[in-house]
Structure formats: structure tokens, C-alpha cells
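Letter by letter, the chains look like this.
Protein chains: 2
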Amino acid sequence: MAARESTRKHRYIVFGLLVCSLVCAHAQSDPLPSWNDTAPKKAIVAFVEKVTKDGAPDFVPVDQRIATFDNDGTLWVEQPVYTQFAFALDRIKALAPQHPEWKTEQPFKAALEGDFKTLASGGEPAILKILAATHSGMTTDQFAKIVSDWIATAQHPRFKQPYTDCVYQPMLELLAYLRANRFKTYIVSGGGIEFMRPWTEKIYGVPPEQVVGSSVKTKFELVDGKVALMRLPEVNFVDDKEGKPVGINEFIGRRPIAAFGNSDGDQQMLEWTAAGEGPRLMLLVHHTDAAREYAYDRQSSFGKLDKALDEANVRGWVVVDMKNDWSRIFPPDK
Amino acid sequence: MAARESTRKHRYIVFGLLVCSLVCAHAQSDPLPSWNDTAPKKAIVAFVEKVTKDGAPDFVPVDQRIATFDNDGTLWVEQPVYTQFAFALDRIKALAPQHPEWKTEQPFKAALEGDFKTLASGGEPAILKILAATHSGMTTDQFAKIVSDWIATAQHPRFKQPYTDCVYQPMLELLAYLRANRFKTYIVSGGGIEFMRPWTEKIYGVPPEQVVGSSVKTKFELVDGKVALMRLPEVNFVDDKEGKPVGINEFIGRRPIAAFGNSDGDQQMLEWTAAGEGPRLMLLVHHTDAAREYAYDRQSSFGKLDKALDEANVRGWVVVDMKNDWSRIFPPDK
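In order, the protein sequence lines correspond to chains A and B. Just so we're aligned, residue 1032 is where the first sequence starts under our numbering, counting upward by one. Just so we're aligned, residue 1032 is where the second sequence starts under our numbering, counting upward by one.
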């Protein structure tokens, strides 16, 4: 190859490096554009910089950079009800023609009529009946398809857009920022693991194998002459409160160095994270923005934040004041 | 930069590419040097080539390249007894001074005396008592340390070397070959998940989060003023036979496209893998080499291979004849 051609190629390489360094510098200058320049953003950036700085005392090797995120209320909206609950009620309506008895039988009657007061009065047994009727009795493949079909069309009652658009833009940026710094990002949610897995990769960039959640028991059996996993009407694991550290240990087998939640259901996950050695980041999203999203904490039926907020204040965990710390809530329209 | 300097740099790059291509070509020419040029090796290479060839009808995207491996008898020796069983017996001996009653109480007396006949006659209840005494009553961190300490020093009774050296060199090459082709390699074992996780990354290159196994229940609680996960004397999950597809679905949330086992305990994992759409590879290691390792199948107490061998023959799954298909069994001495 002639020297001239080589020089031309060399120029392309230099140009490429220049473009890259400009882009990277820009990304570095503001990895979290939807976060205001307040304390939480500073704490996040300071943490990431110190654990990724090679040779520094707080450096954490790549394989130990585990970050766990709650889902409901931390990554997406959980009001006026958990999305999975809306899914269950829609499924009751869809299945009602095959169950004429539901017209008179509780809690199905209340579910069909949208009578939340009666539903709530039924307590846990009512919820379990609704869950059994809507979340079991099909194979895992069938359930994944039901979830995918529903989530592609269902809309949030207030925001009038798909639930998967009711995700927090600042948290999407945080997930991407952590991954760019070679963190492995996990979802650790009280929600159903198989309710989340069909869409978490597309929406959050979190693949199925990095989703931990609650589950029903499944049974390996022949269905229509083919082996399948049948979903049973029996709770297998509840990935909430004390269950979160248990689930993290069982599924991941490593302790996170950063954990993100928004409710008392996340308290033990943050405690478990905090109890490890070395640098740690614990963060709670506090819903303080009734205008743009919702404002709730100690009295809420969904995503109650009470004891965890007290502990965060005592221990200096980062608390995001949604109204003041986030410049936008949802992603821009596509 | 002067054109001459640029040309010199260009030469270095060309030289680097040349070295790399030679090394890569060599690696490509024999990715599995400890496998003889017999049918199993050909089947493995043909499978990997067709699923990784971009644009080909059988191409599988990287994120779906999931391969699951049984451990005992597939990746390391499981005779004369499962390694974890040897660990449990050693733990009984180590704990005996704190339990003078074990001198007369079964099954501990038999365990201390190495009286396998009496132990075996106790059946599952005896095994569960041994497991409870050795695998629970400590935190997960404490257990990980006990396992690490033991595995660093314990030796296989016949091969007089650490158990972690009694791993199959051809399978190490297979793991590496799959990973080089961007497969994610998982262990899916009937063995204890927390018995494996402390050493699988170092020995097999499989990180803790890619190990699925049997487990005891754990409880999140305060231990010495610090939150911890306490291991309870209660079975949580048995990752064997029908449990393997259940565990794969729960932990990974994707169906493998390749599965590797050696016993009837792996049959359902291979069936579940085979039942997916698209190209699939199912392989069983048949222990046929009494001279270099062990020869056993239909009558063995550990790693019985009977029904799965029949199914493999009927369905054309790959069966490795250890004696004829592997040129060496264990890694060379370091």
C-alpha cells in the first residue's frame, strides 16, 4: 500500500477518534440529562466515578458491579394501582365469557364491576383468587404471549399511553449510565417474574436472566404431546421485603453494590446492599410530584414509603425528591 | 504526523493483524484439541458453526445462545461419591468434637466411621439429617467460606489431587469454545447452588449468577447486629430431573439451545431444550473409561444413566463415549 493511501487512511482513523472523543466527552459531561443538578445526581456520579477509577481505594472490579432496581414505583408508575393488577382485572374481563358464574361469585363480580372497595375488603384471599384465575392454568409460553399481547395495547388510565411509556426517563438514563460503566443491572421486583420478562429487555435494556421477581410454581409435563412448563395456582416465591435479599442471593449469588427502590418493600434490599463491605449506593425515589406524576408515601396502599424513609434519613441514603430532582418524568414522545 | 511515521505505524498494524489472524486461524482449526475426531466433536462444531453464521437459516442471535451444563459427571468426577457428599462427611468429622452424641447417634455414627452401608440403609431421611447438620445453621457468607476452605485442600481419594483438578479437560474446552462463539454458559446442577458458586468462576469460567442448583431456604435476619442470610435446615428447591427445566425457566427465563448432561437427572433438561424451535444440541457424556476415569451407567448409585441413554439413542442425541471420543480426561498438571 502506498504511503499516501496509508496517510489518507490514517486521517480517517484520527477523524474517527476525534468524533468518538467528542461524543464520549459530551456523554461524560452529562450522563443524566433529566436529573437536575441537585444532591442525588451528584451522589450517583460521585459513586460511579469512585468505584470505576482503576487503582483508586474504592475501585470495584467489573464482575462485582451489581446494581439492583425495584420496578413498580422505581422504574415505572405504580398508581393508581400496580400495572400487574390492572392486567389481572383486564384478564378477568377477557375470561368472563367462559365463566358465567363470575357474574355472581366474589371476588370476580367485584372485579368485573370495577368495585375496588369490595375487592379490597376481600383482602389477600380475594387477591389470590384473582391471581390464580389469571396467572395459572396455562404454560409459561402461553402466559408470555398473553402478557406481550396485553402490554402492547393496554393504556394507563390517566396518562393515556402504554404502560411501557409510563417509565421514568431519569431512571432509564441511570440504567444506561451504570451499564456504560460496566455495571450489570438487575430488576428485583415484588411483581411477577414472568409478567416482566417479556418486555424488560426492550423497555429497560434488562434481559430476562437479569430479572428477579415473585413467581408461581411450575410443573414440567406433557401438554398436547409436547413437554411444557405448566403454571400452577400456587405461590412459589414472594420477592418482596425480606424476600428481596433472599431472591438476590438465590438468583444472582452476589451482593449488589448499588440498590434502588421507592417503598418499604425495598427496605431490606437496601439494608442487604448497605451491609456489604466497600463503597455502596442506596437510593429511594420519593414520589412528591402530584402535578407531573403522583405524590404519596406513608399512607399509600401501593408503594407505601414509611419505615424505609425513616431509615434513609437516619443512615444518609440518597432520597430523590421527584418534583425537585427530576427535570422530566417520562421519555419524550417517539 | 509525517507520512513515513504513519507508514511505520501502519506496518505495525498489519503485523498485528497478521499475528492475530494466525492465532485465530489456529484456534479455529482446533477449538477442541482433547476431543478425538469422532462423531461428537463433529456434531458440536457443525452445530456451533451453523448457529453463529450470520444470515444462515439456522443463525441464532447472541442473546439467545444459552447453553446449560450439568456439573457432577458432566464437568467433574462424581465417583466414588458426589463431591458434595464427601464434603458433608468431612464436615461431620470436623464438627464431631462439638457433638459428642454423634458417637452413638445415627446416621452420624455411620458417617464418622465411614460405614456407607449403614448410611445408605438410612435412605433419604439419613441424608437429610447429614445435610441439615452440615449445610445449615450458618450465614450464607460463613457457608461460602467453609466451602472455599474445604475445596482448597480436599483431595479425590483415587486421583490424589484436588477435586477441582478432577474436571474434564474436553468439557473445559467446550465451555471456552462456546463462550468464544458468544454463548452464555450456565451450570444447571442437582448439587447445592451455594456449594458451587464459590469456585465455578475460577474453575469453569462460569460466574455465580450463571449457576443454577439445589438450595436450602434462607432467612434474612440480624446476626451479631448485622443483617445476614441464615441458612435453614429446610429444602427450598431440588434442581434435578423435572426440577431442571423448572430451574432453568425460573433463573434464566430463556430456553437453552444446547444442553449437556450425563445421567437420568439431566433427561428433562435435554427434553426441554429439544422441545424449543430452531437448531438444538443435546449431548450426554457416557462414562466408559474405567482405566482413565470410571465406567458406569444403568446400575450406578451416582449418576445413573438408563432412561436418558435410551431416549438419546431413539432421538439421535449426541452420546460421548468417553474412552473413544476424548483423547485426555483431566487437565495437564500445572
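Calculated directly from the structure, the hints in this document are not laboratory data. Virtual Cβ for every residue (Gly too), placed ideally from N, Cα, C. Be careful, since some hints might not be right.
These stretches of chain A come out as covered by chain B in the derived footprint (C-beta under 8 Å, 3 or more residues) [to be verified]:
{"id": "1", "region": "1066–1078"}
{"id": "2", "region": "1114–1124"}
{"id": "3", "region": "1190–1196"}
{"id": "4", "region": "1278–1286"}
{"id": "5", "region": "1300–1306"}
The list that follows gives simulated cross-link-like pairs (lysine to any residue, SDA-like), each with its CA atoms no further than 20 Å apart [stated by the list, open to error]:
{"id": "6", "chain 1": "A", "residue 1": "Lys1248", "chain 2": "B", "residue 2": "Ala1163"}
{"id": "7", "chain 1": "B", "residue 1": "Lys1124", "chain 2": "B", "residue 2": "Lys1081"}
{"id": "8", "chain 1": "B", "residue 1": "Lys1250", "chain 2": "A", "residue 2": "Asp1094"}
{"id": "9", "chain 1": "A", "residue 1": "Lys1248", "chain 2": "B", "residue 2": "Arg1285"}
Residues from chain B that face chain A, not an exhaustive set, calculated with beta carbons under 8 Å [stated by the list, open to error]:
{"id": "10", "residue": "Glu1136"}
{"id": "11", "residue": "Gly1168"}
{"id": "12", "residue": "Glu1281"}
Margin query: So if I understand the rule, the pair passes when the alpha-carbon distance is 20 Å or less; does A/Lys1248 with B/Ala1163 pass?
Written below: 24 Å, violated
Margin query: Please check whether the region 1300–1306 of chain A has three or more residues whose CB lies within less than 8 Å of a CB on chain B.
Written below: Satisfied; 3 residues make the cut.
Next item on the list: Three residues minimum, CB to CB under 8 Å: does the region 1278–1286 of chain A make the cut for coverage by chain B? Let me know.
Entry: holds (count 6)
Notebook entry, point to check: Keeping to a limit of 20 Å between CA atoms, is the pair of A/Lys1248 and B/Arg1285 held or broken?
Noted result: Measuring from Cα to Cα gives roughly 17 Å; hence the hint holds.
Next item on the list: May I ask you to test the interface hint for B/Glu1136 with respect to chain A, counting a Cβ-Cβ separation under 8 Å as satisfied?
Entry: 32 Å, violated
Check: Has the region 1066–1078 of chain A got at least three residues whose CB is nearer than 8 Å to a CB belonging to chain B?
Finding: violated (count 0)
Notebook entry, point to check: For the hint on B/Gly1168, does the least C-beta distance to chain A fall short of 8 Å?
Noted result: Violated, about 17 Å.
Notebook entry, point to check: Do three or more residues from the region 1114–1124 of chain A put their C-beta atoms closer than 8 Å to C-beta atoms of chain B?
Noted result: violated (count 0)
Item checked: Assertion that chain B covers the region 1190–1196 of chain A - criterion: three or more residues, beta-carbon distance below 8 Å -> Contact hint for the region 1190–1196 of chain A vs chain B: violated, 0 residues under 8 Å.
Next item on the list: Verify the proposed pairing of B/Lys1250 with A/Asp1094, using a straight-line Cα cut of 20 Å.
Entry: At roughly 26 Å apart (the allowed maximum being 20 Å), A/Asp1094 and B/Lys1250 break the hint.
Check: Would the pair B/Lys1124 and B/Lys1081 pass a check requiring their Cα atoms to be no farther apart than 20 Å?
Finding: 52 Å, violated
Item checked: Proposed interface contact between B/Glu1281 and chain A, which counts if any beta carbon pair is under 8 Å -> Given a least distance of 6 Å, the restraint on B/Glu1281 holds.
Hint violations for this structure: numbers 1, 2, 3, 6, 7, 8, 10 and 11, all remaining hints satisfied.
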